[in-house]
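Asks: Chain by chain, the residues run as shown.
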Amino acid sequence: MTEQRFKRMKDLPSTHLLGTGTPMCSGCGGLEALHQIYDVLGDKTVFVNAAGCMTLLSVYPFTPFRGSWLYTAMASAPAGAQGVRDALDILAQQGRMPAQDDLGVVVLTGDGSAYGMGLSATSAAMDRNLDFIYICYDNEGYGNTGQQASSATPHAALTATSGGSRGYPGYKKDLFGIWAAHRPAYVATVIGSEPLDLARKIEKAREMKGSRMIIALAPCPTGWDYDPKDSVEVGRLAVKTGVWPLKEYIDGKVVHTRVPRERAPVEDYLQLQGRFGHLFAPQKNTALLEEIQARVDTYWAGVEPQRPAS
Amino acid sequence: MTPKLLSGNAAAAWGARLAGVDYIPAFPITPQTEIIETLGSWIDSGDMPGRMVTLESEHSMLTAAGAAAATGVRVFSATSSQGLLYAMEMLYTVAGWRAPFVLVNVSRGLSAPITLEADHNDILAARDSGFLQLHCADCQEVLDSVLLAYRLAEDPAIRLPVLVNLDGFYLSFTREPVDLPDEEAVSRFLPPFDAGEIRFSASAPQSQAVAVLGGGPYSYFRYETHLAACNGVAVYEQIAAEFASTFGRERGALEQYRCDDAELVFYMVGSFATKAREAVDRLRDAGQKVGLVRPRLLRPFPLGPVEEALKGKQAVIVIDQNLSMGQGGILHTELLAALYGKPGAPPVVTSFIGGLGGRDISAEEFYHMVTVTRQAIASGTVPPPRLLYTAGELREIRKLQAVAMVERQETAPARGTAAGKEAAHD
Ligand SMILES: Cc1ncc(C[n+]2csc(CCOP(=O)(O)OP(=O)(O)O)c2C)c(N)n1
Ligand code: SF4
Ligand SMILES: [Mg+2]
Chain E
1 MTEQRFKRMK DLPSTHLLGT GTPMCSGCGG LEALHQIYDV LGDKTVFVNA
51 AGCMTLLSVY PFTPFRGSWL YTAMASAPAG AQGVRDALDI LAQQGRMPAQ
101 DDLGVVVLTG DGSAYGMGLS ATSAAMDRNL DFIYICYDNE GYGNTGQQAS
151 SATPHAALTA TSGGSRGYPG YKKDLFGIWA AHRPAYVATV IGSEPLDLAR
201 KIEKAREMKG SRMIIALAPC PTGWDYDPKD SVEVGRLAVK TGVWPLKEYI
251 DGKVVHTRVP RERAPVEDYL QLQGRFGHLF APQKNTALLE EIQARVDTYW
301 AGVEPQRPAS
Chain V
1001 MTPKLLSGNA AAAWGARLAG VDYIPAFPIT PQTEIIETLG SWIDSGDMPG
1051 RMVTLESEHS MLTAAGAAAA TGVRVFSATS SQGLLYAMEM LYTVAGWRAP
1101 FVLVNVSRGL SAPITLEADH NDILAARDSG FLQLHCADCQ EVLDSVLLAY
1151 RLAEDPAIRL PVLVNLDGFY LSFTREPVDL PDEEAVSRFL PPFDAGEIRF
1201 SASAPQSQAV AVLGGGPYSY FRYETHLAAC NGVAVYEQIA AEFASTFGRE
1251 RGALEQYRCD DAELVFYMVG SFATKAREAV DRLRDAGQKV GLVRPRLLRP
1301 FPLGPVEEAL KGKQAVIVID QNLSMGQGGI LHTELLAALY GKPGAPPVVT
1351 SFIGGLGGRD ISAEEFYHMV TVTRQAIASG TVPPPRLLYT AGELREIRKL
1401 QAVAMVERQE TAPARGTAAG KEAAHD
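Keeping their order, the protein sequence lines are chains E and V. For the first sequence, my numbering assigns the number 1 to the initial residue and increments by one for each residue that follows. For the second sequence, my numbering assigns the number 1001 to the initial residue and increments by one for each residue that follows.
Calculated from the structure, these hints are not laboratory results. One or more hints might be untrue.
To be verified - Beyond 12 Å from chain V on every Cβ pair, some chain E residues (computed): (1) 7; (2) 89; (3) 101; (4) 160.
Stated by the list, open to error - One side of the interface only, derived from the structure: several residues of chain E facing chain V at Cβ under 7 Å: (5) 70; (6) 71; (7) 84; (8) 90; (9) 117; (10) 120; (11) 176.
Ideal Cβ placement from N, Cα and C applies to all residues, glycine included.
Okay, chain E solo, but in the shape it has when bound (with noise of 0.2 Å):
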């Protein structure tokens, strides 16, 4: 496996391949991610995309891809990729295609198609071994419709649909888990924050074959309500404090990519971000924030202490 591509910084990609002037926010967490998975992924991808902020970057007649596009629906993206899929091996097996015309075959979707809607169509595609790369770009809410709670939503969080004093009163849903149960090739969390490990991760599913599943944590400024100057730094704080973990399932087994030595409080990563504001004024909610902070340690004391992959 060539999972040494990726070194260092310098060794990243220097040309991109996501064309400039999308309608996406300024400071779009999701978007910076994609922008650095396409450029590992490279423009022989067709992505096949959900209902979500995404499909908007491709409206006619312009397109940020170089590759190929396909929008289906809300709830059937991965059924979308499997129709994609089997064609293409159909015209290859059938001599109807040349070989350096096949595609890897990309979702792409947010977390409330991920998480919720999609969800079923996502378990059956793994169940089928179905070679794709899911990549949901997670920024916590249905961002499309205005941010609406979804079942990726963090407990306490301010949405359009939980304003109340307490914010979302759910917890937000291990999707990480529920993939990885499935046994599928590749399992892994990434945030554009962190480009080296996504470049890695990426790679590393760009090698494989069968289902590889990955969900980057998407820092959404208007979703979330923070200036979008601050989205690289909600990112590394998500990542430094432990809220989002970096790390891959592979082989049967869970490995962190970065063990924080010592992780910074969530009060750090929460502050930033207006749709916790409530946490903090007008006045210091600081059981809401000890439960937070003690949910984020638990599961941190469940992880062994490992050598992060190199």
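Model the placement of chain V with the ligands on the given structure of chain E, informed by the hints.
Replies: Then chain V with the ligands, alone, in the frame of chain E:
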């Protein structure tokens, strides 16, 4: 060639096999399941090439079907009733992609109440989706229609998916003698699918099904799809003529049975039309000038042929095996819209709802519809839509209700007491 005894489902499967389909996304539902099982067994035994994939829902099945067709292979799929409605979002979507493939629907009444038997509310719910529709009356027609449907779908002037409809039970599980066309003749009639440049390939990147901003481009693409569907009338007639000369069977947009000198004609789709043919024969024996017009092609609506076929008739008797709640029969509404103001249009069009949930339509009922329609002609007053339903059937349902009432009282005495208390408070 000697005909083979085939069920409607087997005929549909044979149609797909003879069409040389590459890809079959599938999902089970009664009464369709036998189609995919048959195809699956042929693929497993090597009798047929092609790949079948069972999806986890019809919504996904239609997504995969559309995506594969958009990538350039010949796709077949089949569903029924709840499955067709579960996939409804994708019916509209893949038609908008202009993905050409064939979907067989085995008609079954929609829930609720849940049933397995046939009527046409399922297929007619897909009426405005952009799928073209062919409706079959017998098993031979099922096989033939699948072949015709591929020609129609893949025609460069159309490029739209096509639904082929057959009735659950009445056709799906009924064996009839079916001529299996010669493979070689089929491949002359239906050459392999050539997607041209509309497909995914690394050397020719493509965006399909992208978003539009604003009503201008949206209207443009929607209307383009409408115009492509409209092209289907002329294209279908031409394909049907070619089909007739290749296989010797007439498959025009309309079946017209004993219509030439008819004063009254039945107008309906599906397998119950074979009962109408029988009734027409008996009525003719009795000296009544009655005929039958049965659209095979329902989308696009064959306006010209329908207008022509009904011109100068005294009346049309529309039998709808469907019900649009709060309106009545869907074919009836469509036919009135088609005929209104047309020179020579029949002055009387009566409407009957029959065959819901597989309920039979008896010979007597066909005669009765003629009587009612003749009265309408004589009086100049057209009666409102009428459900074909007998006093006997009503008596049966009353008995069931009585049993249900007794069961309720026997098993839930407490409820009776509560009701009594409420009454006392009144
Ligand atoms: C069947 C269906 N229901 C609802 C919608 C409306 N809708 C469009 S995008 C979206 C939110 C999707 O959320 P997510 O997957 O998280 O993507 P994001 O918008 O956050 O990028 C919704 C609810 C739709 N397009 N289709
Ligand atoms: S709402 Fe959030 S995820 Fe959507 S485009 Fe804007 S920043 Fe990106
Ligand atoms: Mg989202």
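Asks: Determine for every hint whether it applies to the structure shown.
Replies: Here's how the hints hold up against the structure:
The beta carbon of residue 7 of chain E sits about 29 Å from the closest Cβ of chain V, which is more than 12 Å, so the claim that it is off the interface holds. Chain V draws residue 89 of chain E into its interface by the beta-carbon criterion, the shortest separation being 8 Å against a cut-off of 12 Å. Distance check on residue 101 of chain E: its Cβ comes as close as 4 Å (rounded) to a Cβ of chain V, failing to clear the 12 Å threshold; non-interface status is violated. Every CB of chain V lies more than 12 Å from the CB of residue 160 of chain E, the least distance being 22 Å, so the non-interface label holds.
At a threshold of 7 Å, the smallest CB-CB gap from residue 70 of chain E to chain V is about 5 Å, leaving the interface hint in force. At its closest, the beta carbon of residue 71 of chain E sits 4 Å from a beta carbon of chain V; the interface hint therefore holds under the 7 Å criterion. For residue 84 of chain E, the suggested interface contact is upheld, since its CB lies about 5 Å from the closest CB of chain V, less than 7 Å. Interface restraint check: residue 90 of chain E against chain V, minimum CB-CB distance 5 Å, threshold 7 Å, status holds.
Interface hint at residue 117 of chain E: violated, since its Cβ lies 10 Å from the closest Cβ of chain V, which is beyond the 7 Å cut-off. Residue-level restraint check for residue 120 of chain E holds (minimum Cβ-Cβ distance to chain V is 6 Å; threshold 7 Å). Taking 7 Å as the C-beta cut-off, the interface hint given for residue 176 of chain E is violated, the closest approach to chain V being about 21 Å.
Going through the hint list in order, the structure does not satisfy hints 2, 3, 9, 11.
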